[in-house]
Amino acid sequence: MTMMPQDGYMFNNTVEANVKYANPGATDQEMHEACGKAGIHETTISRKQGYQTLVGENGRYDKTLELPFTAIY
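Residue numbering for the sequence shown follows the working numbering, beginning at 4 and increasing consecutively.
Don't take each hint at face value.
Unchecked claim - DSS-like mimics (lysine-lysine), calculated; alpha carbons at most 27 Å apart, straight line:
#1 Lys51 x Lys40
#2 Lys51 x Lys23
#3 Lys23 x Lys40
Hints were generated in silico from the structure; no laboratory data involved.
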């Protein structure tokens, strides 16, 4: 028997890098659509650094993005 955790993980990097981790070739439009579906696009673009906002490992720097962000994975 194998156990597979279902928890998402956020790397110590930007929102953009975390979103594009699963699909490095994704366009910005695809990234924005994915974030919109997860409910974090508006929150992300409201930040001074937008998609370049550093979220930190598991949302250490920005807890408001932590739970919705994991919905993308």
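*Is the straight-line distance between the alpha-carbon of Lys51 and that of Lys40 27 Å or less?*
holds, 21 Å
_Between the alpha carbons of Lys23 and Lys40, is the straight-line distance 27 Å or under?_
holds, 15 Å
*Assess, step by step, whether the Cα of Lys51 is no farther than 27 Å from the Cα of Lys23, and give holds or violated.*
Given pair Lys51, Lys23 holds - Cα atoms ~20 Å apart, limit 27 Å.
Consistency note: the structure conflicts with none of the earlier hints.
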